[in-house]
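Work the whole structure out from these sequences, hints included.
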Amino acid sequence: MKVLLLNGSPKQGNTYRALQEVANTLHEENIETQIIGIDYEPQPDCIGCGACHGCEACVMGGNCYERVREALATADGLIVGSPVYYAGPSGAICSLLDRVFMSCKQMLEYKPAAAIVVCRRGGASAAFDRLNKYFQIYNMPVVSSQYWNMVYGHTPGEADLDGEGLQTMRTLAHNMAWALRHLTSTAHPTLEDKIKTNFIR
Numbered sequence: 000m001k002v003l004l005l006n007g008s009p010k011q012g013n014t015y016r017a018l019q020e021v022a023n024t025l026h027e028e029n030i031e032t033q034i035i036g037i038d039y040e041p042q043p044d045c046i047g048c049g050a051c052h053g054c055e056a057c058v059m060g061g062n063c064y065e066r067v068r069e070a071l072a073t074a075d076g077l078i079v080g081s082p083v084y085y086a087g088p089s090g091a092i093c094s095l096l097d098r099v100f101m102s103c104k105q106m107l108e109y110k111p112a113a114a115i116v117v118c119r120r121g122g123a124s125a126a127f128d129r130l131n132k133y134f135q136i137y138n139m140p141v142v143s144s145q146y147w148n149m150v151y152g153h154t155p156g157e158a159d160l161d162g163e164g165l166q167t168m169r170t171l172a173h174n175m176a177w178a179l180r181h182l183t184s185t186a187h188p189t190l191e192d193k194i195k196t197n198f199i200r
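Residue numbers for the sequence shown, in numbering that gives the first Met the number 0: 0 to 200.
Calculated directly from the structure, the hints in this document are not laboratory data. By construction, the Cβ of each residue, glycine as well, lies at the ideal position given by its N, Cα and C atoms. What you were told as hints is all true, and nothing was included just to trick you.
Dumping the calculated DSS-like pairs for lysine-lysine here, alpha-carbon to alpha-carbon at most 25 Å:
id, residue 1, residue 2
1, Lys-1, Lys-104
2, Lys-193, Lys-132
3, Lys-132, Lys-104
Simulated restraints on C-beta separations:
id, residue 1, residue 2, range
4, Tyr-146, Gly-53, 38 to 46 Å
5, Ala-50, Ile-136, 16 to 24 Å
6, His-153, Gly-53, 40 to 48 Å
7, Thr-185, Gly-156, 37 to 45 Å
8, Asn-23, Ala-50, 35 to 43 Å
9, Ala-186, Val-141, 13 to 21 Å
10, Ile-199, Tyr-146, 36 to 44 Å
11, Gln-166, Lys-104, 27 to 35 Å
12, Pro-43, Thr-189, 33 to 41 Å
13, Ile-199, Gln-135, 17 to 25 Å
14, Gly-90, Ile-136, 13 to 21 Å
15, Cys-54, Asn-197, 19 to 27 Å
16, Lys-10, Val-141, 24 to 32 Å
17, Gly-156, Asn-197, 43 to 51 Å
The structure is reproduced here in structure tokens:
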């Protein structure tokens with residue numbers, strides 16, 4: 000089994016440290032991990048062109064997008080981490096996720112997922128809520144922990160001082176391992192054809 004972890008920061012700072020704590024614990028559970036970080040390349044926004052519906056890939060592509068799409072094909076679970084900017088996730092990770100979730104539905108459905116946010120002081124809950132909304136639209140079981148998945152730290156290395164935050168990451172990893180072992184052995188539910196209701200005609 001394999002979990003893909005996305006770092007919504009181009010740096011290997013506190014967000015990376017939180018994801019690394021999860022990855023280390025998943026390795027103890029004999030689960031493979033891959034961490035992919037947003038690079039400094041600008042992330043195009045989804046423009047709702049619909050071209051991906053025919054080919055199941057975003058036509059705007061990009062190095063980071065292609066790496067994530069390739070990794071999703073073999074991943075059994077997904078964890079997205081982001082620093083908190085103005086009480087929300089980084090703009091780059093949201094731009095990437097908008098395109099990934101629009102174009103890679105078949106690679107995402109029913110895979111357990113979790114969000115992680117890292118902040119200096121405030122805004123973590125709002126950013127955490129924003130990321131979780133991606134998972135909940137595609138039947139992805141959201142994996143929880145002993146507390147909301149947040150770690151505190153501003154300058155690189157400060158995450159190591161947040162004992163509770165790092166413990167929350169380890170608990171999240173154990174819960175992800177538990178979810179993977181139980182969900183991968185269970186058939187997906189049979190659902191009705193999706194109904195779409197537009198309120199403006």
